[in-house]
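S.K.: Sequence:
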Amino acid sequence: MMIAPASLPGNRNSYTIEKLSDASEHIHFDEAARLLGSLDGWEDPSGQLRDYLLKFHMKAACITGNGSLLGAVMWDRVGESDFVRLEDVAVQPEAREKGIGTESVCVTKRV
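Going by UniProt numbering, the letters in the sequence shown line up with residues 1 to 111, in that order.
Everything labelled a hint here was simulated from the structure, so no lab data went into it.
Each residue gets a CB set at the ideal place from its N, CA and C atoms; glycine is no exception.
Treat the hints loosely; a few may be bogus.
[To be verified] As a list, the in silico DSS-like pairs of lysine-lysine whose alpha-carbon atoms are at most 27 Å apart: (1) Lys109 <-> Lys59; (2) Lys59 <-> Lys98; (3) Lys109 <-> Lys19; (4) Lys19 <-> Lys98; (5) Lys19 <-> Lys59; (6) Lys109 <-> Lys55.
[To be verified] Ranges between beta-carbon positions, derived for each pair: (7) Ser81 <-> Asp30: 20 to 26 Å; (8) Ser14 <-> Asp44: 31 to 37 Å; (9) Phe83 <-> Leu39: 19 to 25 Å; (10) Asp82 <-> Arg34: 29 to 35 Å; (11) Pro93 <-> Gln48: 19 to 25 Å; (12) Glu80 <-> Cys106: 20 to 26 Å; (13) Pro93 <-> Glu43: 28 to 34 Å; (14) Arg34 <-> Thr102: 21 to 27 Å.
Produce the complete structure using the sequences and hints provided.
M.R.: This is the structure we're talking about:
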């Protein structure tokens, strides 16, 4: 499910933010899991992300551009409120300092 097509400020490159639900639904699931898992040293990144999404009902999205994974974000809605708790934001080293992390944080408020 696509959440938002966007363009990076001052840049002609575009990217897409897509919701992750499980490994079978997105080509970048495993890569996004490894990227998020690198922040906390997950031993089984795909399994850990799947647990967060399915068992704990958290949300995650990946940011892609030109067919490549640029970043990933994971968050949790706080009860029945409008608040979300940001869990992790990870951006590939080559995609950093281009506004991708900031935009991925903003998207958590819209989903």
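S.K.: Now look at each hint and say whether the structure bears it out.
M.R.: Results for each hint:
| no. | hint | result |
| --- | --- | --- |
| 1 | Lys109 <-> Lys59 | holds (11 Å) |
| 2 | Lys59 <-> Lys98 | holds (23 Å) |
| 3 | Lys109 <-> Lys19 | holds (13 Å) |
| 4 | Lys19 <-> Lys98 | holds (21 Å) |
| 5 | Lys19 <-> Lys59 | holds (8 Å) |
| 6 | Lys109 <-> Lys55 | holds (22 Å) |
| 7 | Ser81 <-> Asp30: 20 to 26 Å | violated (32 Å) |
| 8 | Ser14 <-> Asp44: 31 to 37 Å | holds (33 Å) |
| 9 | Phe83 <-> Leu39: 19 to 25 Å | holds (22 Å) |
| 10 | Asp82 <-> Arg34: 29 to 35 Å | holds (31 Å) |
| 11 | Pro93 <-> Gln48: 19 to 25 Å | holds (21 Å) |
| 12 | Glu80 <-> Cys106: 20 to 26 Å | holds (22 Å) |
| 13 | Pro93 <-> Glu43: 28 to 34 Å | violated (22 Å) |
| 14 | Arg34 <-> Thr102: 21 to 27 Å | holds (22 Å) |
When each numbered hint is compared with the structure, violations occur for hints 7 and 13.
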